[in-house]
Amino acid sequence: MTTLIRNNPSHSVDIVDMDVFAAPPVAPLDMPQQVLETPRAERPFMTNLIRLLVPRQWA
Amino acid sequence: MRRLPPLDSRTVFYRIATLAFAAFAATTATVLMVDATIQDGVDVWDVLRAFLILITTAWLAWGAAQACLGLAARKRPVPSPDLQLPAPSTVVLVPICNEDPVSTFARIAAMDRSLHAANMPADIAILSDTRDPANAAIEEQVYLRLIRETNGRGRIFYRRRTDNRGRKAGNIEDFIRKSGGAYELAVILDADSLMEGETIRRMVARMQADTDIGLLQTLPKIVNGNSFFGRAMQFAASFHSPIFSRGLARMQGATGPFWGHNAIIRVKAFAESCCLPELAGPPPFGGHILSHDYVEAALLARNGWKVLVDETIEGSYEEGPENILSYARRDRRWCQGNLQHSRLLLAPGLAPWSRFVFVQGIFAYIVSLIWACFLVASVLATIMAPLPDYFPEPYQLFPVFPDDRTKEITALFIGIVGLLIVPKFLILSAVVRSGKIAGFGGTLRAGLSVATEILLSSFLAPLMLMYQSRAVLQVLSGKDGGWPANQRGEGKLTLWQGVGAGMWITGSGAIALTTVYYVAPDLILWLMPVCVPMLLAPFLIAITSRPLTHFLFVTPSESTSAPVVAAYHDIHNRWQDEDAHGAAAGEGKANHAPA
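Line order of the protein sequences matches chains A and B. The C-terminal position of the first sequence is numbered 64 in this note's numbering, with every residue numbered one higher than the one before it. The C-terminal position of the second sequence is numbered 1253 in this note's numbering, with every residue numbered one higher than the one before it.
Just so you know, the hints here were simulated from the structure itself, not pulled from any lab data. Since we're looking at a predicted model, the values are computed, not measured. Idealized CB from N, CA, C, for every residue including glycine. Don't take every hint at face value.
Cβ-to-Cβ under 7 Å is the rule here; a few derived chain B residues that face chain A [to be verified]:
(1) Phe679
(2) Arg811
(3) Arg819
(4) Ile834
(5) Ser837
(6) Gly839
(7) Ala929
(8) Pro935
(9) Leu957
(10) Pro1006
Please model the complete structure; the sequences and the hints are all you need to start from.
Listed below in structure tokens is the structure:
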């Protein structure tokens, strides 16, 4: 938890708990990870062929 | 499963027409080049040059066609529905990382004021990825000031990640995972973005009316440009970009772009489509996806959500780089991100246009290297050319002189320059006819600004070519550029700094010119437009970073100060004054301590 300790004009100290009012509301939402590269065995023939023709780190 | 609506015939026509024009221009250029170069027989350099000119001209013609496509005004008005109450729950996301807190939070205060004025209820979440604890402590202090001024408690949020996984995309993903369920829509901004409350209201209403839209991108206008370079970019973004964007919008259909900020997303669509994996292997081609926005747009379209760009939405602003070095630094990151997309070209299920957009992004950078190769090949071809044979037949009485092909080369040169310049003058003519020229200072000043911008781009093009070629070579050789912090604000550079950053370009230009002078003096004149700016690189870098008179490059947001921009300046100046004069002393010093 983060707090800010501030001196106010009356020289007393405010302890402001940032996490109490600064944190966004808690309302979880699922984010399934997207598939951008298919495993080698499932790739179409042409995809594998193209990957063979270009350097490995580029494809 | 959702599916995008089928392409309408108009979009198909625009795509075919643009491709046909690019193919026609590229073929014409190649024919002229071949005609001029095969006089002394065909060798490998002629074939290489023909191939390179085919690619580069196709790229230029593609851009020119896009501008021409955007010249015609929209016949069908853009939908502009009213916001229905209750308004969808909306949050404005401001991801920041090592930014100037006073400027960033002053922008948020200005937008909050504008949202109130527009009667648009929305939360604001500042998503900090700042690593420096001292800077983070200042962020917290300025946040408290923001809360006090705006009475934003419970409405304006601030949180800082200690783990910067996934950088900006990971920052937004983290928010959606933890808080996304509370919101239907989210406006994604950058630290230097500004948006009018009325603009956000209009975008929310549009998303509310068409529930198939997953993302709506605005065309942000650049503001607060001060240097020669910054103001030229600001002018181009206001003057030329809307026409280019309209052309782009016509071609893309529902598979539009996402430029990473100044856009609104449907949170549910984004959550179900846009969690990006880390690519296998080390950077620059593996690791986190750097240019995440293009990929997110493609993934939204893959899941059947419409991704649209609307250049008619006003009131959307950002700041731009103030000098060439800041621009080149940002470009280095974009270059690496776009080349990384080569791994995603065959990603399963993407719309063909999304794949094409990846190819375009890759081309935007490798085309510089292709131009450089073309210049080198032209010089080598001249050196390697066989000596003319005036008596090809035995016992020939009269010599045969090779045909003069200067006309063909001149035509090619004029054609290429035309592809670069003509669209800009066509846009000038369109803006004059539309009656919007007054916002740019009237016809004379706008004409002068266009001419100056063309001149400046011509001088800077060889420098950009060198920076981009270097960036491409660095990425291809496996060098990771990382994600350096953006440098905003004043970027005035000394001549000495220009020398430090541009001497390698000057050296390259000097070597090229000296070599050509000795081995192919006929080419000197042709190479002057490239080599002279290279020789002047340090001077150009320094001089274009200097402040420029506001007579040139006037934009509408400047001539009729945009309310949210004016509010930002007011708040920013006041906060700076308060800090300077110790007016904030009453609030005391803030000590950062763990609880």
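Checklist entry - When the hints from earlier in the document are held up against this structure, which numbers fail? => result 1, 3
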